[in-house]
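All chains should be modelled from the sequences, with the hints used to inform the complete structure.
First to last, the protein sequences are chains A and B. According to the working numbering, the residues represented by the first sequence are 1 to 334, in order. According to the working numbering, the residues represented by the second sequence are 1 to 334, in order.
Calculated directly from the structure, the hints in this document are not laboratory data. Hints are supplied without guarantee of correctness; some may be wrong.
Copies of the same chain look alike in the list, so a pair counts if it works inside one copy or between any two.
Claimed, not checked - Quick list of in silico lysine to aspartate or glutamate cross-link-like pairs, DMTMM-like style, CA-CA up to 25 Å: (1) K323 to D23; (2) K241 to D209; (3) K323 to D124; (4) K241 to D104; (5) K241 to D211; (6) K241 to D124; (7) K323 to E24; (8) K34 to D23; (9) K34 to D273; (10) K34 to D227; (11) K168 to D85; (12) K250 to E225; (13) K231 to D273.
There are 2 protein chains.
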Amino acid sequence: MSAATIDVAGIGNAIVDVIAHADETFLAAEGMAKGAMTLIDAARANQLYSHMGPGIESSGGSAGNTMAGIASLGGSGAYIGKVRDDALGAIYRHDITAMGIRFDTPAASTGPATARCLILVTSDGQRTMGTYLGACVDLGPEDIDPRVVAAAQITYLEGYLFDPPRAKAAFRRASAVAHAAGRMVALSLSDPFCVGRHRDDFLTLISGDVDILFANEAEICSLYETDDFDKAAAAVRGHVKIAALTRSEKGSMLLADGQSHAVPAAPVARVVDTTGAGDLYASGVLYGLTRGLPLPTCGAIGSLCAAEIISHVGARPEAALDKLVASAGLVPQG
Amino acid sequence: MSAATIDVAGIGNAIVDVIAHADETFLAAEGMAKGAMTLIDAARANQLYSHMGPGIESSGGSAGNTMAGIASLGGSGAYIGKVRDDALGAIYRHDITAMGIRFDTPAASTGPATARCLILVTSDGQRTMGTYLGACVDLGPEDIDPRVVAAAQITYLEGYLFDPPRAKAAFRRASAVAHAAGRMVALSLSDPFCVGRHRDDFLTLISGDVDILFANEAEICSLYETDDFDKAAAAVRGHVKIAALTRSEKGSMLLADGQSHAVPAAPVARVVDTTGAGDLYASGVLYGLTRGLPLPTCGAIGSLCAAEIISHVGARPEAALDKLVASAGLVPQG
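Right, dumping it as structure tokens:
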């Protein structure tokens with residue numbers, strides 16, 4: 001097994017976020033379930049867009065956000081995801097590569113446009129999302145570059161990847177390549193509805209392909225169909241090497257080798273927008289693992305990254321996370 | 001003269017902003033003059049974009065920002081500007097029309113892409129801009145819908161419109177149509193460098209076509225090539241019906257009918273980003289004029305709108321300006 005030259009390879013749905021303000025009446029008129037992420041088709045996306053207010057566009061996608069965190073922490077990364085060769089696809093590619101993340105997946109030259117997530121923010125700070133997967137449905141096993149995956153210490157996959165039809169095969173190929181190279185595979189469960197859509201697949205994966213699992217309380221409870229977090233935590237033990245379970249302001253719990261480590265949430269002056277909290281927590285834990293740091297330290301880095309992201313609008317870091325982590329004394333100084 | 005059915009028709013460069021963080025070293029390496037807006041061509045825009053960090057996209061353009069303010073104040077408006085029939089053009093059109101502003105100018109189906117302004121924000125909050133005018137160069141007199149201009153109480157034009165070659169003819173046509181219908185024409189000088197590029201044109205216009213002039217201290221001083229604000233203010237008297245001259249934290253001065261009204265700046269807890277201050281001040285003054293309010297009240301509404309825009313990142317209002325103005329007691333309650 002040769003030394004890894006990449007810290008983390010992230011695989012996910014490459015999505016441009018379109019964020020607008022809306023009120024409850026609008027959500028009701030559009031028949032949207034507040035707080036939920038709903039998959040929508042192109043016609044519905046166009047219709048909803050034509051009804052909603054002026055927007056702000058920014059690159060998003062769960063694994064894309066996590067890779068932004070890895071880059072900001074000073075880690076090296078690669079991203080695998082599918083855009084179309086259109087203007088939003090060019091923006092998405094620019095934003096990933098401008099962070100120093102390698103992104104070689106070719107853009108689709110035919111088929112649906114680059115994916116977008118229409119995000120409606122209500123005055124209480126909650127987000128209600130309609131996602132048009134667009135070109136993401138074209139991601140397939142042929143897009144997994146085995147050299148990239150074999151070179152990465154950890155290959156990280158978002159659960160949302162199970163929504164487009166062929167990405168599951170891409171996931172399986174990536175997992176096989178990573179394990180053949182002696183590397184680790186991480187999975188995030190993404191959201192409780194996503195778990196509901198793919199529970200059997202996820203349970204199978206966790207018993208075989210996944211070394212590191214990320215989930216929040218609602219997701220891990222949905223996976224094991226229980227309301228009891230402790231039961232869900234007990235159920236996942238033994239299936240994965242490391243489980244990192246987040247509980248919002250209650251912090252997180254890291255399970256490994258029969259031990260459990262409780263990690264407090266990092267203090268936040270004001271919670272502005274919770275989007276990306278899980279994605280950035282994963283950045284911190286993954287970064288810590290690639291640096292060989294003890295699990296509680298990995299969790300503390302994750303807490304710090306999550307605190308940064310929820311203190312402003314948007315799911316990509318604004319502060320330099322490497323400096324935040326260094327000034328908190330969480331990484332050995334070079 | 002029939003009653004106006006539109007409060008304000010704005011004509012400007014339809015530009016999508018791409019905002020990214022940068023440091024002084026980056027500006028120096030790119031040879032950019034800090035704080036300035038520089039016109040760049042497509043090749044330079046692509047080069048600069050490839051060098052800069054991840055961005056956030058939002059609709060901008062000076063007159064577009066002003067029309068967003070008019071809409072938020074509860075006024076009716078129309079926008080005339082040129083985009084290409086591409087993804088950024090569709091975003092620009094959506095954002096204008098989603099505010100309730102009429103926008104009928106057909107998109108160009110050939111020629112350059114929709115305009116973009118690459119904005120680099122340094123840690124001191126200053127913005128350094130490179131503008132690629134793209135499809136804006138295709139705006140011409142044929143894009144002036146005489147029914148729209150004749151129906152608007154005030155036709156408002158941004159000075160930046162003199163940069164693309166054919167827009168000057170569009171401006172002249174709009175001005176002629178407006179005056180033939182007994183309406184008023186307003187002009188913003190946009191920025192001191194813009195004044196330097198088009199000083200003779202602006203001086204001619206102000207002596208004939210322009211009823212209401214908006215300028216900040218640097219712009220009016222540049223127009224009359226003086227360092228003395230009072231001299232510049234004296235020079236503009238008699239040329240226009242109303243001159244609204246802004247002086248940042250010193251507030252503004254409204255000149256009309258041999259009188260001058262000093263209006264204080266509205267208080268701001270923290271200045272976050274000054275972009276759009278002039279555009280939104282113009283929204284407030286124009287709105288007040290269309291409601292027949294006294295000049296000092298028009299200025300006070302302008303100050304309030306400017307204060308809202310500089311208290312957050314971005315040049316389009318986040319708060320409902322109609323509510324802000326109503327709670328400040330500046331408009332008669334219905």
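To see whether the hints hold, each was checked on the structure:
1. In this assembly of identical chains, K323 and D23 lie within 25 Å of each other by CA distance solely across copies; the values are 16 Å between and 38 Å within a copy.
2. Taking identical chains as interchangeable, the C-alpha atoms of K241 and D209 lie at most 25 Å apart only when both belong to the same chain, with a minimum of 11 Å there against 75 Å between chains.
3. For the homomeric pair K323 and D124, the shortest alpha-carbon distance between copies (18 Å) is at most 25 Å, but the shortest distance inside one copy (31 Å) is not.
4. Within a single copy, K241 and D104 get their C-alpha atoms no closer than 30 Å, and across copies no closer than 60 Å, so neither meets the 25 Å cut-off.
5. For a Cα distance limit of 25 Å, the shortest separation of K241 from D211 inside one copy, 5 Å, qualifies, whereas the shortest one across copies, 74 Å, does not.
6. For a Cα distance limit of 25 Å, the shortest separation of K241 from D124 qualifies neither inside one copy, at 38 Å, nor across copies, at 46 Å.
7. For a Cα distance limit of 25 Å, the shortest separation of K323 from E24 across copies, 19 Å, qualifies, whereas the shortest one inside one copy, 39 Å, does not.
8. Proximity of K34 to D23 under the C-alpha cut-off of 25 Å is restricted to the intra-copy arrangement: shortest distance 10 Å within a copy versus 39 Å between copies.
9. Taking CA atoms no more than 25 Å apart as the test, K34 paired with D273 passes inside one copy only; the shortest distance there is 15 Å, against 32 Å between copies.
10. In the homo-oligomer, the alpha carbons of K34 and D227 lie at most 25 Å apart inside one protomer (21 Å), although the nearest pairing across protomers, at 56 Å, exceeds that limit.
11. In this homomeric assembly, K168 and D85 come within 25 Å of each other (Cα to Cα) only inside a single copy, at 23 Å, whereas the closest approach across copies is 35 Å.
12. Within a single copy, K250 and E225 get their C-alpha atoms as close as 21 Å, which meets the 25 Å cut-off; across copies the closest is 63 Å, which misses it.
13. For the identical chains of this complex, K231 and D273 are neighbours neither inside a copy (30 Å) nor across copies (49 Å), given an alpha-carbon limit of 25 Å.
Taken one by one, the earlier hints fail for this structure at numbers 4, 6 and 13, listed in ascending order.
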